[in-house]
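Protein chains: 2
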Amino acid sequence: MSSDEFRPLNESSLVEYIKATPALSSKLGDVSQLDNLQIKEVGDGNLNFVFIVTGPSGSVVIKQALPYIRCIGESWPMTKERAYFEATALKEEARLCPDHVPEVYHFDRSMCLIGMRYLEPPHIILRKGLIAGIEYPLLAEHVSEHLARTLFFTSLLYLTTTQHKRAVAQFCGNVELCRLTEQVVFSDPYKVSEYNRWTSPYLDKDAEAVRKDNILKLEVAQLKSTFCERAQALIHGDYHTGSVMVTQDSTQLIDPEFAFYGPMGFDVGAFLGNLFLAYFSQEGHADHENDRKTYKKWILQTVAETWNLFHKKFTALWDEHKDGPGEVYLPAIYSTPELQQLVKQKFMNDLFHDTLGFGAAKMIRRIVGVAHVEDFESIKDAGKRAGCERRALDFAKMLLKERRKFQEITEVLSSVQQLHS
Amino acid sequence: MSSDEFRPLNESSLVEYIKATPALSSKLGDVSQLDNLQIKEVGDGNLNFVFIVTGPSGSVVIKQALPYIRCIGESWPMTKERAYFEATALKEEARLCPDHVPEVYHFDRSMCLIGMRYLEPPHIILRKGLIAGIEYPLLAEHVSEHLARTLFFTSLLYLTTTQHKRAVAQFCGNVELCRLTEQVVFSDPYKVSEYNRWTSPYLDKDAEAVRKDNILKLEVAQLKSTFCERAQALIHGDYHTGSVMVTQDSTQLIDPEFAFYGPMGFDVGAFLGNLFLAYFSQEGHADHENDRKTYKKWILQTVAETWNLFHKKFTALWDEHKDGPGEVYLPAIYSTPELQQLVKQKFMNDLFHDTLGFGAAKMIRRIVGVAHVEDFESIKDAGKRAGCERRALDFAKMLLKERRKFQEITEVLSSVQQLHS
Ligand SMILES: Nc1ncnc2c1ncn2[C@@H]1O[C@H](COP(=O)(O)OP(=O)(O)O)[C@@H](O)[C@H]1O
Ligand SMILES: Nc1ncnc2c1ncn2[C@@H]1O[C@H](COP(=O)(O)OP(=O)(O)O)[C@@H](O)[C@H]1O
Ligand SMILES: [Mg+2]
Ligand SMILES: [Mg+2]
Ligand SMILES: [Mg+2]
Ligand SMILES: [Mg+2]
Ligand SMILES: [Mg+2]
Chain P
1 MSSDEFRPLN ESSLVEYIKA TPALSSKLGD VSQLDNLQIK EVGDGNLNFV FIVTGPSGSV
61 VIKQALPYIR CIGESWPMTK ERAYFEATAL KEEARLCPDH VPEVYHFDRS MCLIGMRYLE
121 PPHIILRKGL IAGIEYPLLA EHVSEHLART LFFTSLLYLT TTQHKRAVAQ FCGNVELCRL
181 TEQVVFSDPY KVSEYNRWTS PYLDKDAEAV RKDNILKLEV AQLKSTFCER AQALIHGDYH
241 TGSVMVTQDS TQLIDPEFAF YGPMGFDVGA FLGNLFLAYF SQEGHADHEN DRKTYKKWIL
301 QTVAETWNLF HKKFTALWDE HKDGPGEVYL PAIYSTPELQ QLVKQKFMND LFHDTLGFGA
361 AKMIRRIVGV AHVEDFESIK DAGKRAGCER RALDFAKMLL KERRKFQEIT EVLSSVQQLH
421 S
Chain Z
1 MSSDEFRPLN ESSLVEYIKA TPALSSKLGD VSQLDNLQIK EVGDGNLNFV FIVTGPSGSV
61 VIKQALPYIR CIGESWPMTK ERAYFEATAL KEEARLCPDH VPEVYHFDRS MCLIGMRYLE
121 PPHIILRKGL IAGIEYPLLA EHVSEHLART LFFTSLLYLT TTQHKRAVAQ FCGNVELCRL
181 TEQVVFSDPY KVSEYNRWTS PYLDKDAEAV RKDNILKLEV AQLKSTFCER AQALIHGDYH
241 TGSVMVTQDS TQLIDPEFAF YGPMGFDVGA FLGNLFLAYF SQEGHADHEN DRKTYKKWIL
301 QTVAETWNLF HKKFTALWDE HKDGPGEVYL PAIYSTPELQ QLVKQKFMND LFHDTLGFGA
361 AKMIRRIVGV AHVEDFESIK DAGKRAGCER RALDFAKMLL KERRKFQEIT EVLSSVQQLH
421 S
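These protein sequences, in sequence, are chains P and Z. If you count by full-length UniProt numbering, then the first sequence holds residues 1 to 421, one letter each, in order. If you count by full-length UniProt numbering, then the second sequence holds residues 1 to 421, one letter each, in order.
Bear in mind the hints are in silico, worked out from the structure with no lab data behind them. Predicted, not measured: the structure shown is a model, and the values here were computed from it. Heads up, a few of these hints could be off.
Chain copies aren't distinguished; within one or between two, either way the pair holds.
To be verified - In silico DSS-like pairs for lysine-lysine, Cα to Cα no more than 30 Å straight-line: (1) 401 x 312; (2) 19 x 380; (3) 313 x 405; (4) 19 x 205; (5) 191 x 40; (6) 346 x 293; (7) 40 x 397; (8) 19 x 346; (9) 346 x 401; (10) 40 x 212; (11) 397 x 346; (12) 346 x 212.
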C-alpha cells in the first residue's frame, strides 16, 4: 500500500492515514492521544466522501474524490483529479478572501484527498437554513465580499495577461467537471434525457414547453458558448446555497471542485438563482405558525443587497487597483473620471445580464433536470410542490429571455412580486 | 555546437544545417549535388529571418525566429518560441485546408526553425499585388475557404469540449505574441506612446482625436477583452494582406506565428480591414494611365464576396457536421430546421459585428500606431497620403462605433462609397 497510489479510504483506513500525516494529526491531538479518533461520514453532497474526524484537541474535515459520481454510482465515472482543482481553487480563494473560505491543511494529489478546517456547529449548509426560515443578516455582505474579491483578483482587471493565460491553461485540465455542467445545466433540460425528472404529472406540460421553446433554446446556446469559451475569471463553478456554510456571524464557501476560468456571471447568477429557488419554495414551507411572508421579503432583500454590494465592492476594487498590474483598461487610455465611469458602467451592465441569464439557467435545471434542490424536494405535497416549481420556472424562463431589459436588480424583484403575489 | 542548442543561422551555417537534415536536403538534390546551394535572405516581414534555398532539383524556405523583433532589434525582445506555435498552426491549417497553406517539411524546436514549401514565382505577397492594381479573381473564393475551414473545425461547432480545452491550453503558451497584439492593436493607438507614428503634421489632430474619443475607447476595451478572454477557435492572429501569397490561380496563407484560441472575427476582420486599407490607398496610386476606379470596385466586390462566401461555406460546414462531434448545438436540442436557422442567424450576426469591430481596430492601428502598411507608405506625396489615411481612419472609427447597426456587408460598402465618392 504505497502512499503514491490511490485507494478509497473507509473509517478505519482513514485513521491510519491521519496518524501518518502530521499536517492532519497535529490538529487533533498528541501522537499518544490518537487512538480514539471519532470519525463520521457526512457527505450529503452529490459527488464526494466527506469525513469529520475528531480528536482530543480538535477536528478536521477530510474530503476524498472517487473516480465516479457518488449519488449515481460507478455507472457514471468522473475523474478523481477534480480534487486537485478543488484544492487549488480553495487555496487561491483562501488567499484572496481568508475570512470566507476554510483553510486547507493538507492535500494529497494521488489520494485525491483534501484535509481542511472543520466548520464547527452552529455552521450549517445555507440551503437548510433557508428551508428552516432562518435569517442571516451578514449573508449578503459576506457573499458579495467573496464574489467580488475572488472574481476581481483573478480577472484581467487585476492580472497581467501572462499570469491570466498561465492560470487559464492550468484550469483547462478541469474539463470533465466543466462537461458535467455543460450537460446538466445547458443541455439535458432542453432535450429528452434519461436523467431528467420533474414533479410528474403536474409539470409534464411545463417540461415539454421548455423543450419546445425556440427563443429559450436560442438564448441557452449563447450562455453555453460563453461558459465554454470565455475565460473571464477563476470561478467557483458550483456557487449554489448548498456550497455555503453559515452561522449568524460566519459565511464560508466550500466545494469549488468545478472551478475553472469562466464567465463571472456564472457564479453570481448561481447564488442569486438559488436564492430565488428558496424564495419560490417558501409557500411550500408555510404553516399556521409562520406564513413565511416576512421571510420571503428577507430573501428578496438579500438578493438585492448581494448584487448591490457586489457591484459596490467590485467597482471599488477596480478603482483601488486601477494603476495595478491589470492590463485591459490601461490608466493612460482610460484616463478621465468620466471615461472610467463609462467603462465600469458598461462592464457591470454586461455582467448583470450574464448574471441574470446564468442564474435563470441554473433555476430551470433544478426543476426539470437531473439534480433537484431540497428547497422543493422537502415539500411533501406534490401538488403544492409543483405549484411552487411552476412559478419558479415561469419566472426563470422570462428572466433568461428578457434579461437584457433589466437595468437594476430592483426591477427584477418587482417582476418576481408581480408574478407571485 | 550541439544540435539541441539554439544558434542564429547565417547563409553559410544554414548550408551545413541543411546538409545534415534529410527532410530538407532531399528536396534540393542528391547529397553529391549540395555543394552549390543558392541562399537568399528575403525576410521583408517585421519579425523573422526567411531564407530561400535553391538546389539542383528544387527549393525550400527556411524561417528562423530570433529572440527579438527583427525590424526593431534586440531592444525589443520577443520569445523565439513563437516558431513552435507557427509550426503547430501551419500543420493544423494545412491539415484542414491543404490547398491554401504551404506544407511544413521540417520543424526544429530548439533552433526555432521551420522548413516549408517554397511558394515559387509568380507568387507574390498580396499586399504588393493590391498596390500594383492586380485583380485576383479567385482570391475571395480561396480566402473564404481557408477562413471557413480553419475556424469551423477548431471551434466548438466541430470539436468536443475535451479536444477544445486541450488545444486552448496548449496555445495559451503563445502569450507573448498575444501581448504584442494587445499592445500595438488595442492599446498604443489610444494613448501617447513612443512607438506610435502617423503622417505628421497632417494627421496630428486626427491622432489626437483618436486618443480623446471616449466612445471609441469604450468599444476598443470590449474588443480587447474579447481578444484576451474568448477562446472561440484557433485563429491565425496576423491575417493581413502581407500574410497571403497569391498568383492568378493560387492563394496561400503564411506566417501564423500569432496563432492562438481567440475570437474568429479577429481573423475575418483583419483580412477585410486590410482590403479596406488597400481600397483607401488607391487614390494615392492613381495616375494618368490608370485612375484605379475599376480596381477600387474590384476591391469592394472582393470584400463583399469574401464575407458572403465565408458565410455560405461556414454555415454549410455547420449543416454538414451538425450531427458531428461538436457539442454546443446538440441536434437533440436544435432539432427543427427553423431553430437551426435561427441559431445560425444569431451566430453569424454576432460574428459579423465582431468582424467589423476587429477589422476597424486593425485599420486604425495601421494609421496611427507603430506598424504601418506599404499600401500607404508607398505614396510618396505626404499630403496625398495623409488624405487617403484620413478617409480610411474616419471610416474605421465609424465602423468600430456603429458596427452593430450593419446587418449585411453591402450596407458597409454603401457607407464606404458615401464617405469616399
Ligand atoms: N469544511 C467543512 N466543515 C464542515 N462540514 C463540511 C465541510 N466540508 C463539507 N462539509 C459537509 O459535507 C457536505 C458535503 O461536502 P461538499 O464539499 O459539498 O461535497 P460534494 O462535493 O460531494 O458536494 C457538506 O454539505 C457539509 O455538510
Ligand atoms: N513559403 C514561402 N515561400 C516564398 N516566400 C516566402 C515564404 N514564406 C515567407 N516568404 C517570404 O518571406 C517574407 C517574410 O515571411 P513571413 O513569414 O511573413 O515573416 P515575418 O514573420 O517576419 O513577417 C514574406 O513576405 C515572403 O516574401
Ligand atoms: Mg457540495
Ligand atoms: Mg461538490
Ligand atoms: Mg509576415
Ligand atoms: Mg510574422
Ligand atoms: Mg454581446
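A quick look at each hint next to the structure:
1. 401 x 312: both (26 Å within a copy, 29 Å between copies)
2. 19 x 380: neither (45 Å within a copy, 82 Å between copies)
3. 313 x 405: This pair counts as within: shortest intra-copy Cα distance 24 Å, inter-copy 34 Å.
4. 19 x 205: neither (56 Å within a copy, 74 Å between copies)
5. 191 x 40: For residue 191 and residue 40, neither the intra-copy (40 Å) nor the inter-copy (61 Å) Cα distance is at most 30 Å.
6. 346 x 293: neither (36 Å within a copy, 42 Å between copies)
7. 40 x 397: neither (41 Å within a copy, 65 Å between copies)
8. 19 x 346: Neither way: residue 19 and residue 346 sit 54 Å apart in one copy and 59 Å across, limit 30 Å.
9. 346 x 401: both (20 Å within a copy, 14 Å between copies)
10. 40 x 212: neither (46 Å within a copy, 64 Å between copies)
11. 397 x 346: Answer is both; intra-copy 25 Å and inter-copy 19 Å each pass.
12. 346 x 212: Between. Shortest inter-copy distance 18 Å satisfies the 30 Å Cα cut-off; intra-copy 33 Å does not.
Hint violations for this structure: numbers 2, 4, 5, 6, 7, 8, 10, all remaining hints satisfied.
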